[in-house]
Amino acid sequence: MVCWVDLWRGILLCNVLEENPLLLDIPLPLPARGNWRLYHKSSSYKYRDITVSPLKDTIKYIEIEVCPPRNPPADESYMDWFHQKRRDKRCNAPCTGWKARTWSLSTTTIPSWKWRLDCTLDVADIDVQPIHSEQLPRTCSITDNLTQATCLQRLIIGFPTLSMDDDVVYMLSKACPEDQMEVVIAIDMSKKTLQGVTKLVTGKDFTDTRICTSEISKYLSKDEVAR
Numbered sequence: 001m002v003c004w005v006d007l008w009r010g011i012l013l014c015n016v017l018e019e020n021p022l023l024l025d026i027p028l029p030l031p032a033r034g035n036w037r038l039y040h041k042s043s044s045y046k047y048r049d050i051t052v053s054p055l056k057d058t059i060k061y062i063e064i065e066v067c068p069p070r071n072p073p074a075d076e077s078y079m080d081w082f083h084q085k086r087r088d089k090r091c092n093a094p095c096t097g098w099k100a101r102t103w104s105l106s107t108t109t110i111p112s113w114k115w116r117l118d119c120t121l122d123v124a125d126i127d128v129q130p131i132h133s134e135q136l137p138r139t140c141s142i143t144d145n146l147t148q149a150t151c152l153q154r155l156i157i158g159f160p161t162l163s164m165d166d167d168v169v170y171m172l173s174k175a176c177p178e179d180q181m182e183v184v185i186a187i188d189m190s191k192k193t194l195q196g197v198t199k200l201v202t203g204k205d206f207t208d209t210r211i212c213t214s215e216i217s218k219y220l221s222k223d224e225v226a227r
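Heads up: the sequence shown at position 137 corresponds to 137 in full-length UniProt numbering, and the numbers run straight through without jumps.
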């Protein structure tokens, strides 16, 4: 099975070993309301990621919603908004916080595949322990009175990378827009906890860097890894 992915649109699958190979088109879930203005106008991998879980026979997908609208119209759909002549091109209020949603798709139910919403997470609900809070970048206008959770909310995040077999997602993060990405944060979507913070190499620009999960390490011997 060969797979091609357009993170703004969907997945094309093809079993190239069949006598008469056919392409199967699987659309991704529609973008979150806060990302409508970004759809096809920004790098998709800043907000979305896809991976395959061999242990669970599923395709996993995540979308980060940047600057979620505070009071979105209840009856407004993406298709209605898309066909309007005038669209909201920018946020009317300062962006604070973000949300993330993960879906899964069973690879054993061909051809009637359907995305299942697994987790929905608001950054305000993430449990941040003091040991991790101390490792987070300090924002440009930070004060000592901010809570640990608020420190996380004020960070600029992006480039999500899904773990293959659990509910952890890894994201690049920084404190100020003009800065380079400073740390990688690991968040457990189901437990709503910050699992870890790791600093990136100082002086190296990780902006627009593609990161993906892989199982290649398990095929390497210890001697090869040491080299």
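Derived from the structure by calculation, the hints contain no laboratory data. One thing to keep in mind: the hints can contain errors.
Claimed, not checked - DSS-like cross-link-like pairs, simulated, lysine-lysine; straight-line CA separation at most 30 Å:
#, residue 1, residue 2
1, Lys99, Lys46
2, Lys192, Lys174
3, Lys56, Lys114
4, Lys99, Lys114
5, Lys46, Lys56
6, Lys218, Lys46
7, Lys192, Lys56
8, Lys99, Lys192
9, Lys192, Lys218
10, Lys41, Lys56
11, Lys218, Lys199
12, Lys46, Lys199
13, Lys114, Lys46
14, Lys199, Lys99
15, Lys46, Lys192
16, Lys174, Lys199
17, Lys99, Lys41
18, Lys174, Lys41
19, Lys174, Lys99
20, Lys99, Lys56
21, Lys114, Lys174
22, Lys41, Lys218
23, Lys99, Lys191
24, Lys218, Lys56
25, Lys114, Lys199
26, Lys218, Lys191
27, Lys46, Lys174
28, Lys46, Lys191
To be verified - Label pairs and their computed distance ranges (CB to CB):
#, residue 1, residue 2, range
29, Val16, Gln135, 24 to 32 Å
30, Thr109, Trp4, 15 to 23 Å
31, Lys199, Asn15, 41 to 49 Å
32, Pro29, Ile131, 30 to 38 Å
33, Ser43, Arg116, 20 to 28 Å
For clarity, every value in this text was computed on a predicted model and none was experimentally measured. Virtual Cβ for every residue (Gly too), placed ideally from N, Cα, C.
Evaluated hints:
In summary, the hint linking Lys99 to Lys46 is supported, as the alpha carbons are separated by about 14 Å, within the 30 Å threshold. For a cut-off of 30 Å, the pair hint linking Lys192 to Lys174 stands: about 20 Å separates their Cα positions. Between the alpha carbons of Lys56 and Lys114 the distance comes to roughly 16 Å, so the proposed pair stays at or under 30 Å and holds. Restraint check for Lys99 and Lys114: the C-alpha separation of about 22 Å stays at or below 30 Å, so the hint holds.
Using a Cα cut-off of 30 Å, the hinted pair Lys46 and Lys56 holds, with the two alpha carbons roughly 26 Å apart. Taking the CA atoms of Lys218 and Lys46, the gap is near 28 Å; set against the 30 Å cutoff, the hint holds. Between the alpha carbons of Lys192 and Lys56 the distance comes to roughly 21 Å, so the proposed pair stays at or under 30 Å and holds. About 12 Å separates the Cα atoms of Lys99 and Lys192, which keeps this hinted pair within 30 Å; it holds.
For the hint linking Lys192 to Lys218, the alpha-carbon distance of about 29 Å falls within 30 Å, and the restraint holds. For the proposed pair Lys41 and Lys56, the alpha carbon gap of about 33 Å is over 30 Å, so the pair is violated. With a CA separation close to 25 Å, the supplied pair Lys218 and Lys199 stays within the 30 Å bound. Restraint check for Lys46 and Lys199: the C-alpha separation of about 19 Å stays at or below 30 Å, so the hint holds.
Between Lys114 and Lys46, the direct Cα distance comes to roughly 24 Å. Compliance with the 30 Å bound is thereby established for this hinted pair. A threshold of 30 Å between alpha carbons decides the hint, and for Lys199 with Lys99 the separation of about 23 Å falls inside it, so the pair holds. This hinted pair checks out: Lys46 and Lys192 have alpha carbons roughly 21 Å apart, not beyond 30 Å. As the CA atoms of Lys174 and Lys199 are separated by approximately 10 Å, the hinted pair is consistent with the 30 Å bound.
Note on Lys99 and Lys41: the hinted pairing holds, with a Cα-Cα distance of about 20 Å set against a maximum of 30 Å. A distance of roughly 22 Å separates the Cα atoms of Lys174 and Lys41; the hinted pair therefore holds under the 30 Å criterion. Restraint check for Lys174 and Lys99: satisfied, since their Cα atoms lie roughly 17 Å apart, inside the 30 Å limit. A distance of roughly 25 Å separates the Cα atoms of Lys99 and Lys56; the hinted pair therefore holds under the 30 Å criterion.
A distance of roughly 35 Å separates the Cα atoms of Lys114 and Lys174; the hinted pair therefore is violated under the 30 Å criterion. At roughly 38 Å between alpha-carbon atoms, Lys41 and Lys218 are farther apart than 30 Å, so this suggested pair is violated. Only pairs whose Cα atoms come within 30 Å are accepted, and Lys99 paired with Lys191 is accepted, the gap being roughly 15 Å. For the hint linking Lys218 to Lys56, the alpha-carbon distance of about 18 Å falls within 30 Å, and the restraint holds.
Between Lys114 and Lys199 the CA atoms are separated by roughly 38 Å; this puts the pair beyond 30 Å, and the hint is violated. In summary, the hint linking Lys218 to Lys191 is supported, as the alpha carbons are separated by about 27 Å, within the 30 Å threshold. A threshold of 30 Å between alpha carbons decides the hint, and for Lys46 with Lys174 the separation of about 13 Å falls inside it, so the pair holds. For the proposed pair Lys46 and Lys191, the alpha carbon gap of about 23 Å is at most 30 Å, so the pair holds.
Judged by the Cβ atoms, the range 24 to 32 Å given for Val16 and Gln135 is violated: they are separated by roughly 45 Å. For the pair Thr109 and Trp4, the beta carbons lie near 20 Å from each other, so the given range of 15 to 23 Å is met. At roughly 43 Å, the beta-carbon separation of Lys199 and Asn15 lies within the given 41 to 49 Å, and the hint holds. Between Pro29 and Ile131, the C-beta spacing of about 35 Å keeps the proposed range 30 to 38 Å intact.
Between Ser43 and Arg116 the CB atoms are about 26 Å apart, so this pair conforms to the stated range of 20 to 28 Å.
In summary, the structure is inconsistent with hints 10, 21, 22, 25, 29 from the numbered list given earlier, while agreeing with the others.
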